[in-house]
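Got two chains here, each in a separate frame; can you build the complex from them with the hints?
Sequence lines, in order, name chains A and B. Under this note's numbering, the residue at position 47 of the first sequence is numbered 47, and the numbers go up by one with no gaps. Under this note's numbering, the residue at position 111 of the second sequence is numbered 111, and the numbers go up by one with no gaps.
Do not take every clue at face value.
Some chain B residues near chain A, calculated using beta-carbon distances under 10 Å [said to hold, decoys possible]:
(1) Ile-162
(2) Cys-165
(3) Asn-172
(4) Val-173
(5) Gly-175
(6) Arg-176
(7) Thr-177
(8) Gly-178
(9) Lys-179
(10) Ser-183
(11) Ser-186
(12) Phe-187
(13) Asp-188
(14) Phe-189
(15) Asn-190
Quick list of the computed label-pair ranges, beta carbon to beta carbon [claimed, not checked]:
(16) Glu-521/B to Tyr-89/A: 46 to 54 Å
(17) Glu-33/A to Arg-217/B: 54 to 62 Å
(18) Tyr-89/A to Leu-143/B: 29 to 37 Å
(19) Arg-535/B to Glu-76/A: 18 to 26 Å
(20) Asn-226/B to Tyr-89/A: 42 to 50 Å
(21) Gly-896/B to Thr-40/A: 36 to 44 Å
(22) Asp-787/B to Pro-96/A: 54 to 62 Å
(23) Asn-226/B to Arg-95/A: 45 to 53 Å
Honestly, the hints are just simulated from the structure, not real lab data. C-beta: ideal position from N, C-alpha, C; glycine also.
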Amino acid sequence: MSDAMHAAIAGAQPSQRAEKNPDAPLFEGVYKERFDSILTRYPNKRAALLPVLHMAQEIRGWISPETMTRVAELLELTPAYVRSVASFYTMFALRPVGRYLIQVCVGIGCDLCGAEEVTERFLELTKTRIGETSDDGKYTVVEVECLGACAFPTVVQVNDQVYENVKAEEVESLLKELD
Amino acid sequence: MIKRAKTTQTITLTIDGREVTVPAGTTIWDAAKELGIEIPGLCHDPRLRPVGVCRMCVVDVGERVLAAACVREVADGMTVQTNSEKLERCRRTLTELLLSDYATESLREQKTGDDALLALARDYGIERSAIELPAGDGRPQDLSSPVIDVDHAACILCDRCIRACDEVQHNNVIGRTGKGYGSRVSFDFNVPMGDSTCVACGECAAVCPTGALTDKRLIVPIQPRNELDSVQSVCPYCGVGCAITYHVDRDANAVVFAEGRESPASDSRLCVKGRYGFDYAKHPQRLTVPLIRRDDSYPKGPLSSAVKGERRKKPGGLVDYDEVMPAFREATWEEALDLAANRLKEIKEKDGPSALAGFGSAKCSNEEAYLFQKLVRAVFGTNNVDHCTRLCHASSVAALLETIGSGAVTNVFADVHNADVAVVTGSNTTENHPVAATFIKDAAADGTTLIVIDSRETGIARHAHHFLHIKAGSDVALYNAMMHVLIEEDLVDHDYMRDFTEGFDGLRELVKKYTPEMAQEICGIPADRIREVARVFGRAGSALVFWGMGISQHTTGTDNARCLISLVLLTGNVGRPGTGLHPLRGQNNVQGASDAGLIPMVYPDYQKVASPESQKKFEEAWGVSLDPNPGLTVVEIINGALVGSIKGMYMMGENPFLSDPNGNKVRKALANLEFLCVQDIFLTETAEFADVILPATSFFEKYGTYTNSDRRVQVGQKAIEPPGQARFDWELVCEIATRMGYSMSYKSAEEIFAEFTSLAPSYSGLDYENLKPAGKLWPCPDPATSDGVQLLFGDGFPTESGRGKFVPVDYQPAAELPDDEYPFILNTGRILEHWHTGTMTRRSKALDAIEPEAACQMNPDDLTELGVDPDGYVKLSTRRGTITLRARGTPGVARGNVFVPFHFREASANILTNDVLDPFGKIPEFKFCAVKVEKAGSAA
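This is chain B alone, in the form it adopts within the complex (with noise of 0.2 Å):
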């Protein structure tokens, strides 16, 4: 499809007696603000497709009727009043209507104070009780939503939210219902909203001009703006870094309510969790002194008979700080931070630096990263450090360093808009990148067009023109067949191939046994479909390739990407505008913190440990001697304190009980360790097997930047103070680091983002003034005019020979294939409202109330089968263990497939996953195993 181009044409036209010159196609009210001329409005929002249906932004063009400016396009030589006697009559007149039917009291008024009618009634001096005009029968409210308060009364009928659930969030669960003094807006088929499929985005509240739509309260009472401090930062949630700032009550301390705010990353726009999901931060759990283990608490194990695996009499909730918190005493953090220290030299000294281990996370800062590693690779004096990241896109990254040298995007999500076509493979990303997936919603809706492949028929797959359901790990197979036929039907780029690429022999001989007949056996896509899709893809004069965990989270995870390369390679879709490689990175700082080396093989920048070069480097840059040998990732670590061999940990922010594969070995493994140091927020499920818990600081309380799945740095300032004694996570590492005998002091979060950038050449000249305040893309070469390079490898690759490399391969199927005994495929994931292991989502109240419970989705079919009642139990066994939960019936999971997400302890995921890697990322098949389904009484 071609994109509309946008016109060159200007037009000039007098407003108020001054002249303006504007493109053509501007309406009058743009081009009034251009000349700084506000012309009051209802219905109108610049972020919104204007309907003119207020009428309150009339203006007097000369014509027989008023025009409303907001829709009316200027026109050449057109003289517009906006102010005169008469128009001001009919803003009145329009007003006292509106207010004739209006409810006695505005939501909005009471909370933020900015009703925009009652202000245009100050504005009038209209007094409401003077008002002598027919009230309807009055509507009512409905607050059956936990996160958005509904008064229709208060509804003038704008079709604000409207247009902002349908074009801007693409959710389109609002409309009209009725007419006359009957109609107002409506959910779906007219249900209440908190029974309607509203995913809470919130952004019906936030473009509400009145009190029909406003914020519940969470914490504390919703309050003016002006009566708060406003912060700007970033959410703290996945990796699209959706910008906000936050609005605090000083004296409450806390956080009351979050507003999207301008970014290329999220133009103002958020989802349920940035919006809602702030409240953790106030939880009473916070961990607010350190901790350490009771000696008559030892041998190490763990503590909560949820953790322990015991049965319990209910399901739910979080750890049990009742059962959990006995076996600790309160300490001082002297006491707390000499033992850690001593503990770690102990071991070191007894057992070698290769005793140790760190996992840093990918929700702490870049300088918390940066530190981290430095911490474990300068002072532990071992490469044993890694963080969650390699449980997301390990793969996705092996396969991106060895074919085109670098592990980052090479286009930003937004640039979707510019793409003929948009593939979309392996991503829930309504669910798990929702204010990305508006991205791509809003280009399939305009002329984009959108192929979706997914094991599961996600929220994405509704807005697709080309879905492709196919059987869950035959991704390769698929993409071979794809190939295949680009190559048989020349829908290749042969000038892209000759000048920047290397190795088509042997793919071309590959993928040739790889006819769309053969893969239609394999994933279950009939072969004319592999065809047509391949075909659209092979013709698009831009393309842009997204993908997530369901390419990444399997033993074929490296080969899977490595497919998704070839395909863009092959046909010349890197370094233009609408194309491009873009794996949607996880957690708000997964690029950041593998950007900053919380990983075992490279240091910061991705310079490698095995390079005597790099490690020079770094050893002249930190002032000691470093292990050559790059060290044990994530799973290995977790093998190594099975094993014995790993004997010391710390960890900062991360929760490998819940978070790793084969919960059940995680456990015996996190028990057998000699030392463990936990830093962390909350007591998490893997603080039980801690002998000293720090108390740190959540993402409100400190400042720091982060790196969102575009490559885009942006500061995360600090809203709230921490509670207690709690202290910021880069101090805590100073700390250990000091006593360890190796001196780390800095001033500020600021000072260590110096440091690392002057060690990492992608992130030269970027600093904290230039970063705000919607950051910048690395890398950026001129910080001071630049919003940093968008388009990466349009020249040529960081590889060796300067070109992408083809790295052909052959379809696997997954290491534990459905059999009689097992006869399921288990998927799991996550879900919108829930974050990885739940700890900061669940305490959140708005996020709770909708999702409380931990339920896996089946195929209705299937779930009949069984004789599972609509919302009843199943019990999951693997080879692994067992859990038992509710089950939904979900049309779009394929019979014969359980999806479980894994935020939920009491019905943990990952004691059922298989741990088995994938050879090259190392990263475990958390996608694909085979499960077996009963049904069950309850989930006791």
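Just chain A, same shape as in the assembly (with noise of 0.2 Å):
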């Protein structure tokens, strides 16, 4: 890794994908007790929705249609609401996504300082077009809006951990970084 390009906390590692389970129970054991503790958290059921869709997604990877009939059951919402909800939000995964999910942010600073670049060159390396999976199931590339971290741009975010400062050459290091 070079100097300039840093993971946002030094030595983390972003959390494999792969480990998520499309088809695993939803709000079961302790997620059953962090299900009932948002809905504490709220005067209704309704407003739960985004910390319950962000679990889901924490459990299967990717919000399914499944996994938003489910939620809506819990929720006593109906489903196309459930979907609109999660159609609005970019952070939720309406397709099944690859391990890492790389996020680069085309916000204003980052557009400016290259981000397009960066872009081009994951999809070039992982043969892969935005919001699509590569074919080993690994990566998939999407842009999204301002990740808030505008004075060091690009701004990457793979899963749940943040890169700051990359540039387009240094896109093959982090990807080899990561595995």
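Listed below in structure tokens is the structure:
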């Protein structure tokens, strides 16, 4: 890793999505406790939708129609409403994604400092198009709006790990580092 | 649960300088309407919950920002301005913004010409070409639904369709997707509308203000309302009796489109059949000339290969006219009517009146039903007159007459809103009474505890707070156990029982042994669940019980209904708001046809044939002597035809070949008749056995009254001219009667109605004038001022003692139980898009497009075990016959069960069904017999 490009928390590794089981039971055991505790924070079940969707994505890796149906049942909402909300926010994946979800910031700061080339390079090396998953199931590259670290363009977030000051020529080493 | 109380507080405010006083909680929009002030708006519809998203209705309330009138509640002393230069500027800008990204061509403007956004643009004089605002990348059209065109480019995201789908129809199909320029409405998880769970009720298209959701053209191009004639009528399909305005193109002589209209029965709502199923009347296969069977087509028998039971190359469709028509020749009305009358008269003279019989229909009007039974009784001289009600609620009516002395519902279905608890049992309400179901779903979402009890997990079960998935045919055990709990835990209404019931001791004794633990073994519901649900029911301040064919179409149908009646009597749930007994009626005029006397044991208004007093009354009215013996019922008449005791029949609008149990037996019976006259609008399977076929008018071509499930008598108005030489059913009945020597003549349907009401005390006072526009409930002692009596029997029952009677019954298993050879349980019924024997719905373009083929429903695990592919075929066999059809994996069907719709002649469910009868109601056991299921290659 070059001096310039660094993970926001030194030494941190992004958690792998491979461990996610798309058919994992939702909201059982420890997740049931978390689910119940989320509900206590809000005046009604509808208000708990966003944190519950986040937890569902954490468990299953993406928000499938089955997940949305189950969440709708639990929160007494219509499935179509759950999807309306899930489709509004880019942080919810409505399609299965690779083990590494590479989110390139295309906010105004990063855009001016070469985010487009960074994205191009990721796509070239992972042999994918925006939003698609590579054949080996490892990578999905997406463009996202501002990640809130405009002083360190270009910002890239891989799963839950943020990388700052990423240059196009550093993308290859970043990908290697993931393996 | 406690229902929200209505507020009595009022508020006074000033709108455009005029003072108005309205109840607290009223919106500015509604308060302005009181003053006759119209505020423009796009997202607001008075039938929907206001959301205030379009901002077109902004008004000035003297605050820093403008307020959306549709959502802002009035406040005391508020001063509202609905019109000013500032407001005009805001509304104009909003209109420009919406138009900047709007479809170039609006489908609504092209069809009904009432695009609300384009109307606003015209009002503000906005030229679209002059708008200098960026447009989005364009949004696509979705034409995948057979009935609705979706044009996302014309969607302004007002959410009306979402609210209509969620809150009016409770189908929950529509949502939004994406954000910014990319946002649009979406169906389920953003699939094309045609692939979604949409049930095509059309409510979304009805409320859409723009070109985003519009009805597809059915038979003629859709045109603006003001270029068409509007006819206020009702729906020809189910017993809900939705009020409809038909928009008619006089030049094309066709209904162009249908709209729900205001009525207590339907609140402007419709389902797919009512909204899109009207075009069958214009089908080219309509019968237009009288037909007489050719001499060389005797001896009689079925004509088409399908009805003969031969194998066909490919499945499908309707009666094959090419195969059947050559057996008939066209005749003049004189010849056909003379022949029919003479043959019937010959049989009467030769074999006596009881060799004749007539089937009327619950799809015909009260007038036609009244006249038909008069023909059979006064002219044929027998009481052998019955109709398809025998096959749906005969057992319910038998139980109701026995226990409470009246077969009518004690309350209307919309009153479910006032019920603490509603029970829906043996009723697939969302498919069979879709609009009644919307009222039940409404109530369930607003504080009514809904208990659904069924052997299938149907659409209404998804809205239930308690769903009991019982084993087929185990109803009596469950209800006895519920009563056991109510009595044991003293959740009964002692005062009510003391004042209004009798026979409680017998019931208490009998249900003693029905502990929940014992019932659990029979019905499969855990004992503590039975207790829980019994307590919910017993503790309810008001409870309303709905039931359907799942209760009635059993050999224990009468017993099942007796139990439900006992439950209600035990808890005093009769005669008050939110209480009652409501057997949901199937056809549009089941209630009316029974009221009019199309029943072998009773004259009009349930006056007993066996009562000398009634006999005398009708003998005097009709001027002939009448047979004092009750006649035969539907299945008994068919049995009579089989053995030769019934020789001549007249059928008005019935198709027993498909509708009656044990089709192979019906085939033989029909072929065995010496003479059969069929009066219908299409060539039915039954007509293949006819000697004479009389072309009749469809619902849309005649006047008549129809009585819905609530006892609401409504006027059906003539919308179009009949095809060819087709004539009114009542005229044909008069012709036959007169030719048989009994003069019958009326000027109009209205005149017949007057004669009927003069003999039927329950209908007394009703006439066509006071029935318009939304009908009246019978009884209606004061039609000038009242809608009729909604709640019956608050102060006792029309029984001899004035009390409701408990009739305790023991559980009995169904007549034919599964065994090693026939291990599955067969259940039959209807599906949303089709109607009975399919003669109408399968000739409706939209309905046929949605459900073109027969498919049975089975548990997916059973299909896997049998090795049947998804959408593969199965062969179903019972001791009576075999059919082959597609199988659909349906998780709501329990393992070991098969559900077959009975609309499809090529896979006729009634080839399989058991014609064993309930001993009291004489209803066949359509809902239970043993069946064998095998994997099949194809339908051939």
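Now for the hints, and whether the structure bears them out:
1. Ile-162: holds, 8 Å
2. Cys-165: The hint holds - Cys-165/B has a Cβ within 10 Å of chain A, the shortest such distance being about 8 Å.
3. Asn-172: holds, 4 Å
4. Val-173: holds, 6 Å
5. Gly-175: Nearest chain A Cβ about 3 Å off; hint holds.
6. Arg-176: holds, 4 Å
7. Thr-177: Check passed: Cβ of Thr-177/B comes within 4 Å of chain A, closer than 10 Å.
8. Gly-178: Holds, about 5 Å.
9. Lys-179: holds, 5 Å
10. Ser-183: holds, 8 Å
11. Ser-186: holds, 7 Å
12. Phe-187: Holds, because the Cβ-Cβ distance from Phe-187/B to chain A comes to roughly 7 Å (cut-off 10 Å).
13. Asp-188: holds, 6 Å
14. Phe-189: holds, 4 Å
15. Asn-190: Result: holds, 7 Å to nearest chain A Cβ.
16. Glu-521/B to Tyr-89/A: 46 to 54 Å: holds, 51 Å
17. Glu-33/A to Arg-217/B: 54 to 62 Å: Given about 56 Å between the Cβ atoms, the range holds.
18. Tyr-89/A to Leu-143/B: 29 to 37 Å: Between Tyr-89/A and Leu-143/B, where Cβ atoms are some 30 Å apart, the hint holds.
19. Arg-535/B to Glu-76/A: 18 to 26 Å: Holds: the Cβ-Cβ distance is about 23 Å, inside 18 to 26 Å.
20. Asn-226/B to Tyr-89/A: 42 to 50 Å: The hint (42 to 50 Å, Cβ to Cβ) holds, given that Asn-226/B and Tyr-89/A are roughly 46 Å apart.
21. Gly-896/B to Thr-40/A: 36 to 44 Å: holds, 43 Å
22. Asp-787/B to Pro-96/A: 54 to 62 Å: Given range 54 to 62 Å: holds, Cβ gap about 58 Å.
23. Asn-226/B to Arg-95/A: 45 to 53 Å: Check passed, 48 Å falls within 45 to 53 Å.
Comparing the model with each numbered hint stated earlier shows that all of them hold.
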